[in-house]
Every structure is written in C-alpha cells, then in structure tokens.
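S.K.: Take a look at the letters that make up each chain.
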Amino acid sequence: MSSNGSIGPSQLSIKDLPWQIVWDKEKCALCGKCTAVCPVRALELGVFQKRAITPVIDIRQASASSFSVYYGIRQKTAPENACIGCGMCSLVCPNDAILPVRGDEADKLVFHINQGGAPRRRGGRRNAPGGILDRIKFIRISMLTDPALDAGRHEFEFRTLLGRVLTPEENLRHLKENGWIPPVREIYPLIIGGMSFGALSPPMWEGLQMGVAYLNEEMHMPVRMCTGEGGCPPRLLRSRFLQYVILQIASGYFGWDEIIHAIPEMKVDPCAVEIKYGQGAKPGDGGLLMWNKVNKLIAAIRGVPEGVNLPSPPTHQTKYSIEEAVAKMIQSMYMAWGFRVPVYPKISATSTTLAVLNNLTRNTYAAGLAIDGEDGGTGAAYNVSLNTMGHPIASNIRDCYQNLVRLGMQNELPLFAGGGVGKSGNLAANAAALIMLGASGVQTGKYIMQAAAGCLGSESDRCNICNVGLCPKGITSQDPRLYRRLDAEQVAQRVVDVFVSFDTEFKKIIAPLGRSTSLPIGMSDALGIDDQAAAERLQIKYVV
Amino acid sequence: MCRLFAITSETPLSPIVALEALDVMREGHDGSGVGLFLRDLGGPFEKIKNSPVLSGIFTADGLRRLDHFMMDIGFLTKHKISIKIPKAQPQGIPRRDVYLIRAYEYPDEWDKLTWEETQNRLTRIRLQLVEMGSEKEDMVVFSFWPDVIMIKEIGDPLTVARYLDLDREELHARVIMAQGRQNTNYAINLYACHPFFLHGYATMTNGENTAFVPIKEYLMSRGFDGYSGFYSDSEVFTHILHYTMERLGLGIDAYKHIITPLQDEDIARHPSAALLKQLKQTCRRLIIDGPNCTIGCLPDHSLFMAQDRKKLRPGVVGGYPGRYAFSSEICGLDAVLPYRDKSRDIQPMHLDTALVGPDRKEIQLCRQTEALDLPN
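Chains as they are written, first to last, in numbering that gives the first Met the number 0: chain A, 0 to 543; chain B, 0 to 375.
By construction, these hints were calculated from the structure, which means they are not laboratory data.
Accuracy of the hints is not assured; some may be wrong.
Stated by the list, open to error - Derived BS3-like pairs (lysine-lysine); straight-line CA-CA distance at most 27 angstroms:
(1) B/K276 - A/K266
(2) B/K135 - B/K86
(3) B/K309 - A/K507
(4) B/K341 - B/K310
(5) A/K175 - B/K276
(6) A/K26 - A/K14
(7) A/K295 - A/K318
(8) B/K341 - B/K360
(9) A/K540 - A/K507
(10) A/K107 - A/K14
(11) B/K310 - A/K136
(12) B/K86 - B/K48
(13) A/K49 - A/K32
(14) A/K175 - A/K136
(15) A/K507 - B/K341
Unchecked claim - Taking CB as the label site, the calculated pair distances span:
(16) B/K360 - A/A354: 21 to 31 angstroms
(17) B/D166 - A/E185: 49 to 59 angstroms
(18) B/K360 - A/S394: 54 to 64 angstroms
(19) A/R536 - B/A267: 50 to 60 angstroms
(20) B/P106 - A/L143: 40 to 50 angstroms
(21) A/A532 - B/E130: 32 to 42 angstroms
(22) B/Q262 - A/L143: 24 to 34 angstroms
(23) B/A267 - A/F338: 14 to 24 angstroms
(24) B/Q262 - A/K266: 19 to 29 angstroms
Only a predicted model underlies this, so the values are computations on that prediction, with no experimental measurement involved.
Where is the CB? At the ideal position from N, CA and C, for every residue including glycine.
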C-alpha cells in the first residue's frame, strides 16, 4: 500500500478473517485446482516478488541483491470472498500444500459482512457444539431377573405411529359402529426432516429419495422423508414412491399448485402432510430460498419467476392462529385426500409449545405434533436468529410428554422431536434419549446431509453457505457446475448405510434395556445425567 | 427368579400344598417372601361367599382404627379367622401384631347397589385403608373382596406357613395361587409381593417388566381408581388384565394380544386382522417386554398362564379333570400332582394362553393366531 493510501474500516487483513489459508510454496505444484474449486473464490493467483541479498566476500566488490518473481496462492480478504474453511482446496490438492486453519480469536469479519445494511445470513447450523442430549446416559441395563437382550440376534420391532390414535375404548367402538378411525402410519422412528427440493440440489434430493425407496422396498425399514416446503417433482407425485414421502406445506405454499393438481392422478397416498408453522433454527423467520438457487426447474415447480428471493412469511398469512389452523387447514388437508392421510403441524420449540399441544389434543384431526428445537439446521437464516433464537428440544419434548401423560393422551398424539439430533455425530444415542424423554420419533436433516453427502459444515462456523447456492459439495446448490460434483447413486447408498448403521446402534442401546417389541417411548427410568439441574428439569436420574 | 404355583381343584385344598410346591422349586437365594391368594373358599367361608373378606396385616392401633372406620361406614363383622402368632419368632420373619382375615356384612343401603357399583365401592374402601395405613404404617391391606383371601409375608415360604399355621381347614380353597420370593427390582415392600388383585382379577409373574414406567404412566392416566399402587413392575399385569376384560370388554384370549401383540405379517394373516391391527396401535403402551410367565385368575375362577413373546420364562400346566396345577417349574407340579399323565402336560409357548375354566375339566390352549372369541 502506498504511504498516502487510506485504510477504511472494512478493510480487513487475513488475521481478521475466521479462516486463514496456510500454503506451502515448496509443495505447491501450481496446478490451480484449489483456486478452481473454491466456492467463494477466496483464492487467487498471487505473484510474489522475493528479494535475495548476495553478500560478496571480496571487499572490493559491493554486495548485490537480486529480485525474483514467483507464483503462488493469495487469500482474498474482501468479506464476500473470505475463506469459509470448507477445505475443498485441501481436498483437491495433489501435494497437500494447502489447508485452511481456523483463526485463534473471534473474527472481525462478523462486523463487516453485513454490508449494505443487511445483516449476515447464513445457511447451516447454530455453531454451538455440545448440548444436553449428548450428556444423557442410558443407565437401566437389564442385569437382574431380566437379562439384557442380544442386539445382534433378537427380533426387534422398531415402529412408531404417525397419526392420531384413539383411546382403545373409542377405537373399538368406532370399529364396531363403522365410525371414522383416523389414519395411522407405522413408520421407522427416524424420519428425514423437511429439506426442500429448492434447498437441495437435484442429485441430493434424488439420492435421498432413492435411498428411502431402497430402505423401504429392499431393507423393509419403513423410513419416511419430508419434502420441506417447495413442492415435489411431478413424477414423484404420480409414482408409488409417494407413499414414502411426507408432503410439507408451509406458509409460502410453494409447490402446492403442483401437488393439488396431481391428486387425481396419484397412485398412492402420501405418508402424511406436515404443516410447517415454524422451524427451530429460525423461529419466527419463515423460510427463505435466496434468488441464487431459484433456477428454471425450481421456479417451475414452485410456480414463481426465476431468480427471485422466495421468503415464506413467518406464519401462514391466511390463518389467524394455530388453533384456527387446526380447525381449517388440517381439516381441509384431510378432505383433500378423503380423510386417509394424517396431517400434523410442525412448530419451533418455544415456551408456548404446551399451549399449542393442548389445543391439538382437543382436535381429533391433529395427527401429531412435530417440534423443532433450536439446534435445527437451515438453508438460510439471519445470523442472529440462528445463534440466539429458539428453545432446546430436550426440555421442550419432556414437558410436552408429561403434559400428555397428565391428560392421559400419551399414546394418542405422537410427538416428533427434531433440532440437533446427532449434531455431534451421536445420532442413535440422541434419538434414543429423545424417545425415552417422550418423543414418538425424531426428525433429522443436517446429520443426513453430513453423513450421506459429505456436507462440510460443522459446529464451528465452517462453510455455512448453503443459502447462496455455492455449496462446495453440490448438496445445496442449483448450479449444475457445482451439483455435478455429487452422485445421486452414491448419496442413496450412503443414506441406506446411515439408516442401517443407525438401526444397529439403536438396537445396541435398546436391547440392554430389555426392550425389543415396542419403542421405549417415555422410558425415563432408563436415563441419567451428571447435572443436578438438568436431571430435575427433565425428571430423570442424577448420576455422577 | 420367582417361583409360581397355582392350583384349581374341585375339592378345597390346604394352602400348604402350594407352598410345598414352591419349596420344591426353591433354588439359590430364593424365598425372601411369600404371597398367597385363596379363592372359591371352603371351610367356614363356604356359606358366606357373597360377603367381602378383608385380608391384611395390622398393628394393634391399626386394628382399632380399622374397626372404627368399618363401623362408621356400616360394615359389621360376620366371621373372622384368628391367627395366633407363636412366641418364638423364626429368623427372617418380621414380628406383627395381627394377621387379619375377616368377613363383613354389607351395610343395608348397599343392598340396592348394582354389582358394578359394589365392586367400585369395595375397591375404594380398600384403597382408602391402604392410604390410611401408609400414613401411620399401621395397616397393610391386600384385598377386600367376596370369597377372596390374601396373605403376604416376608420370609421363607414354608417357614412362614408353619409359623402362621396356614395348614388349617379354615383356609382351604379351591383356587390357590402362591408366589415365592419378594420383588427385587424396587424397594422391598409387602405390597410388592405377588399375587396382585383388582376387581376379581389376580395375577402373579416371574421375571421383569422393563416397560413398567410407561405402562404405569398410561394406566394411571386412565382415570380409574383401581389402577394405583404400582409397588412392583409386575403389578401392571393385573391392571392390564382388568383393563382388557372390563374396560375393553374383550375375552381372556385377547390378553396376550394386548401385552404381546403379533407381528404385522402375522396380523395380516389373522382372521381378526382388522381388530388386531387397531388393538396393537391403540394399546401400544401396554406392550410388555419379557421375560415373563404370568399366571392369573379370573373372576369366574378360571386360571390361566401366558408367556411373553420371546424371552420365555418356564411354565407348565398339568393335572387331571377335577384338579389342575400351573407351575413355573415341572418339579413343582410333580410334587403336587405326581400321578397325572405327564405326557399331557402343556408348556405354553410364545403364542399360547393356557386356560383351565371354572369346571376344571380340561386345559384349553388358545393360540394368538386363532380367531378371537369376540362378544357381540
């Protein structure tokens, strides 16, 4: 920089960035792969000048210095090009010459990325490692009169119910009098949570669907996947695979024209309809599909122009409240499929969840309640929403379950918990803990992206650019140049791997508790935690 | 592991028969307690079959409180058995003041009541007494029901029997259920000792029910007074039986469908598939996970045995017309009915419920895969 140049407030140095790129000149082959692969163009060709002084022993001659030029990698510091730490550069480097390294202090980028008055929006996760779910232990091991089961050899029946279950007395009466019995699906307790066709790339979505179909038809695991908002490809709507799909309708109603039009041609009913009122990662924000991802296909399915931002309002604008929605929307969705498809709302975990639940218990049409905790992932949300809004899922689900127990309805309105399930990699343990706290099943999305497609995000603000369609792995991009990196077949295979291994781990937890014929929903006597306050709050055992 | 023995006989038998069978089966550290259920009584109770019999253990103060209480609500003593406690106390048996077995006369105003209402009131009185007892720890009430006597005590079964002189004609009964060994999963408590009794239904179980907490929470939320107690994880077997038959109006053949439903593919092939699918879904909370062998008695004096789905505990039924016994081990059966045709013994498997009806003529075996006998 020249001596009279100015240094503005937003002029950042490499040190100010969250990630610094360490590059080794000696190893670099100058192949250019790292610069080509970098999704945010954080790297550019650098031309460096090196001065070398050559001392001369002969005092009669003056020492000389020589200048040489060499080429290498330069890290850009503009906020929009700041390295996101995804590590794709090291993934493609043939010589291991490059590596992003996390800065050793709070980065300054956070103050400067919100240029133009728009605060930072990012995709991904809350970036808060750890959580209460990971600290729960399963302490009731059958060792006395009930020997622990052999997880590898016993028959297990891991099915949960999605749908309103009548009381046994009422059910028998309806059966006898030919009355209406609400539809109930028996499904696998781990559901792939709502990630829309707009948010995910075509190979990712296709891979998930293929994986789910394989799990159902070949592995006989009734796994279900929620579409998220944004509709469903027309061919899927008219195929028999629709029965493995939970259609989501959210406040933007994106894609619902397509779905409604397809109803007469549907060969099978969808598994269920989920009405999204809120999501845990950004409660009160609604959904947002940024313009970068609205390409021709997505625009066509959603019935919108290409290249425009698609924010869903935070609430269903045609509805006054969830109470009203229960009366209207749930019922109209039931009517659309002749009262054969369960319909349930999904809300963000909040201190008002109990009120929502109580309203639902009074309506026989409500097929369940999905609750999404603060650790949920998202395709796009404001930084501040992701980091500071929301309610932890563990205590929320526990409160709801205990409320149902008080009402005597714990078998009747299934609760589905989501938000950070498996965020530290402990998918089966987290799911089992939530089920024993009272959930009938769990929803997971982030973990699936990570395990089935190699999502690079982590709980330390790594990558997190799902919103702008630059996903380095092509998972959340609608740009063919990026999503060609992902192979749908491989995703499908990984999805199957994930579920089958989940099943094994789940058995390893459930079998020692002596359970096999029914899910241990509400089996809170098996749980312990090394935190007195948490134990009291969750009403589980305190163990140290 | 608990030892179970039940016998049903045309002629009244001494309870010592069942306790001797328990003794034959005894192994290891067994015998930390005994529970006896006597029904279809002989002896002096034969003639007063309709009068409710209160059985329990009382302190002297507790007995006074009981007398006041019963008199206040209009119950008069009709007959009582006095169990004189010997001075020498065997090791392991706690010292008690009074073992009470007392038949009452119903208050006059109860004459107009329906049987259903009478049942509810009897249950409420029993629960009230249990509550009074837990306040001052001066009374333990096991049952308050016509034609039913229950005795429970801590200690080796046979020693308890000799100590209390249970081999007396006054206690002869046609249906006897006995369980040896105290509940070991939760705190030692007399109420935790099997058999359990509710509204004419009694069951005893060996093994462990790991689904206890969710089942307990479910039953407690059913809004029925009798679903209380839960001192043992096995107590829910009685409540589920009552729930199946009284609240759902199903038969004993449906009991196993509630506690251990068939797998989906078997249900699909079942003649009562539609009903079973709904039952499995709505009664999912009541599914138990074994290992369990449950022996129970129905209000009509039938005895039955059912097993869990796969971690089966042993159980055998055998005998001859007029006398059949249910035992958790064959040696128990051999000790009591040595001359039966052993080739006709039945060891119920994971789909079976073995039943000996009130006529005591034969062992019926209902398989879960067979059509349900549904009431119209």
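S.K.: Please go over all the hints and tell whether each is borne out by the structure.
M.R.: Each hint, compared with the structure:
1. With a CA separation close to 24 angstroms, the supplied pair B/K276 and A/K266 stays within the 27 angstroms bound.
2. Simply put, B/K135 and B/K86 have alpha-carbon atoms about 25 angstroms apart, close enough for the 27 angstroms limit, and the pair holds.
3. With a CA separation close to 18 angstroms, the supplied pair B/K309 and A/K507 stays within the 27 angstroms bound.
4. At roughly 25 angstroms between alpha-carbon atoms, B/K341 and B/K310 fall within 27 angstroms of each other, so this suggested pair holds.
5. With a CA separation close to 14 angstroms, the supplied pair A/K175 and B/K276 stays within the 27 angstroms bound.
6. Only pairs whose Cα atoms come within 27 angstroms are accepted, and A/K26 paired with A/K14 is accepted, the gap being roughly 23 angstroms.
7. Between the alpha carbons of A/K295 and A/K318 the distance comes to roughly 30 angstroms, so the proposed pair goes past 27 angstroms and is violated.
8. Restraint check for B/K341 and B/K360: the C-alpha separation of about 16 angstroms stays at or below 27 angstroms, so the hint holds.
9. For the hint pairing A/K540 with A/K507, the CA-to-CA distance comes to about 21 angstroms; that is within 27 angstroms, so the pair holds.
10. Under the criterion of a C-alpha separation no larger than 27 angstroms, the hint pairing A/K107 with A/K14 is consistent with the structure, at around 9 angstroms.
11. Between B/K310 and A/K136 the CA atoms are separated by roughly 25 angstroms; this keeps the pair inside 27 angstroms, and the hint holds.
12. A threshold of 27 angstroms between alpha carbons decides the hint, and for B/K86 with B/K48 the separation of about 33 angstroms lies outside it, so the pair is violated.
13. A hinted pair counts as satisfied when its Cα atoms are at most 27 angstroms apart, and A/K49 with A/K32 qualifies at roughly 24 angstroms.
14. Taken as a hint, the A/K175 and A/K136 pair is broken in the structure, with Cα atoms around 45 angstroms apart against an allowance of 27 angstroms.
15. Restraint check for A/K507 and B/K341: the C-alpha separation of about 41 angstroms exceeds 27 angstroms, so the hint is violated.
16. The hinted window of 21 to 31 angstroms between B/K360 and A/A354 is violated, with their beta carbons roughly 60 angstroms apart.
17. In this structure the hint that B/D166 and A/E185 lie 49 to 59 angstroms apart at CB holds, the actual value being about 54 angstroms.
18. The beta-carbon spacing between B/K360 and A/S394, approximately 59 angstroms, falls within the hinted interval of 54 to 64 angstroms.
19. Separated by about 43 angstroms at the C-beta atoms, A/R536 and B/A267 break the suggested range of 50 to 60 angstroms.
20. Look at B/P106 against A/L143: about 46 angstroms separates their beta carbons, and that is inside 40 to 50 angstroms.
21. One distance hint, 32 to 42 angstroms for the beta-carbon pair A/A532 and B/E130, holds here, with the actual separation near 33 angstroms.
22. Taking 24 to 34 angstroms as the suggested C-beta distance range, the pair B/Q262 and A/L143 conforms, at roughly 28 angstroms.
23. Between B/A267 and A/F338 the beta carbon distance is about 23 angstroms. The supplied range of 14 to 24 angstroms therefore holds.
24. Roughly 27 angstroms separates the CB atoms of B/Q262 and A/K266, a value that falls within the hinted 19 to 29 angstroms.
Of the numbered hints listed earlier, those contradicted by the structure are 7, 12, 14, 15, 16, 19.
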